[in-house]
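Engineer: Generate the whole structure from the sequences, applying the supplied hints.
Chains as they are written, first to last, in our numbering: chain A, 5 to 436; chain B, 16 to 204.
Nothing false has been slipped in among the hints.
Here are the computed lysine-lysine pairs in the DSSO-like style, where the Cα-Cα straight-line distance is at most 27 Å:
#1 A/Lys79 with B/Lys46
#2 B/Lys168 with B/Lys24
#3 A/Lys283 with A/Lys171
#4 B/Lys54 with A/Lys51
#5 B/Lys18 with A/Lys52
#6 B/Lys95 with A/Lys290
#7 A/Lys165 with B/Lys18
#8 B/Lys46 with A/Lys51
#9 A/Lys275 with A/Lys180
Note that these hints are calculated values from the structure, not bench results.
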Amino acid sequence: MAMTITEKILAKHANRKEAKPGDNVWIDVDVLMTHDVCGPGTFGIFKKEFGAGAKVWDRDKVVIIPDHYIFTADKHARRNIEILRDFVKEQELPHYYDVDSPRYKGVCHVALPEEGFTRPGEVLFGTDSHTCTAGAFGEFATGIGNTDAAFVLGTGKLWVKVPATMKFVFDGVMPKYLMAKDLILAAIGAIGVDGATYRTMEFSGTTIDAMTMEDRMTLCNMVIEAGGKNGVCVPDATTIEYVRARTSKEFECFYNDDDAAYHSVHRFNVKDIEPTVAKPHSPDNKARVSEVAGTKLDRAYIGSCTGGKISDFVAAAEILRGQKVAIDTFIVPATTDVERAINEMTVDGTTIMQVFRDAGCRIGEPSCAACLGGPTDTFGRLNGVEVCISTTNRNFPGRMGSPKSQVYLASPYTVAASAVKGVITSPREFFE
Amino acid sequence: MLKHIISGKAFVLGNDIDTDQIIPAAHLVYKLDDPEERKNYGRFALSGVPVAQSGLPDGGIPFIDEGTWQSQYVIVIGGKNFGCGSSREHAPVSLNIAGIEAVVAESYARIFYRNSVDGGFVAPFETSEHLYQEIRTGDELVLDTQAGTLENKTQGKTHALMPLGDIEAILRAGGVFNYARETGMIETK
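Structural biologist: In structure tokens:
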């Protein structure tokens, strides 16, 4: 039977010859990731169900990355970090990236690849909906809740329904003003916030072939915003080079059979795509930047698993170099590696970080920060009626804090251009 | 365990109710295994829903009365894509702690659906009708989980619900752990 990448990975992990959409299968898990918001609840269920003295199924396959509520005085949030520490110590888990330590990383979905935990052909579950980011590496990766994660911790297995695959083909050379974020906002806008529910979104085409791993991560990161179960890119030399540089573990690449069956095929030529935003209050509320240009803003935010990677800041710096921001602009590197890189990389002899400082931006510490609001003292949190343009992933009511605020989602280029003007602005103005 | 009959008042919401509306992220810090502290999840359940959309068709109806942590409502009615957004299991847990036993919606986001079933927190039923435009907040409902029907006693109408399908066995067992024990996948405690 002809299969897609996702079907092949699931069949292999279910120890079956084939897997077709709709099949319910129990699969073996290669990596389970959790963080400070969902780890404590997961560990509680694990102990309740498997006993106080229970041990995790495989210490080497559990990765714990605190990232959500780190730089806050909230006492409950601080306590959750303590719960992670106690569990790691008790279970002797090697892959823990503790707060206030040199190992601290920041946003889990960016830290996982940096640390070599995203490998082609594997199955990764995480207690966070944006775990789908890792599909960029040609693996099956998706978000689960605490109960499912506790089940995996004890057994190393979980049931999944095999998803049908929707293929998104992007062809053409990316125009200078466009980023992967524009492509995924265009795709979500085309199919809606439930357009891929229960399905795989697979990205291919000549545009994707030419993309860096970070850009492919941006695409797969937001499949959950269309309801997708997982996103996936076909592994290639770019994938293998990235992964090989970060892990010595063996992995197996899977590819689509030529006659594999798809739920649907959606084709885009990138020359037809304009810089795109999602207007309040839904990620599928798509508009071309040109349609909303001039909308007055109070704040700009560049960060998160979606838009806080090295290439996102390189892009923002291209626009912000030699400029001053007209509104409060918050810069939050996803991880300590990203922070280090933008402190070292230069544009015309000035470090990227210095470009941001010179432009008048406020710089935060690596974490999820205000992407999901968080405790009221969170850096960059919207606490009033602000209108914000952001490189993050969701703009539901109250997502970044106050339910009275409004969030426009956009690419780092568009956010940086808008920060300079104080109103929604197309990056094309800076490149033409 | 899934009850045969779930009855009580309806609380009606619209389309695309995301998990930040069900339980805002600032409240994800309370301990779930602390019997007192977990009440906070009930207290703040559905507190992120914009006031005008809270309790349709009129809106402006609080799901939880000031100073309490349990709701007078038992069944939530929603539109399409209920529970979209984050993977936080705190979402179905909050509804459960507040006293919600079932949700009836046109469709679900998959992680919310899965969490509801595998944790045995609320029974997620699907309807092919636009019930959120028909049922009014406060209507007295009777959900027969075996017959798959939803009776609206206030309006004198009965609606057929979609079959639960593959997940019915897990829901009837009371969650994925009970199901795995019943089917011999993991050892009985």
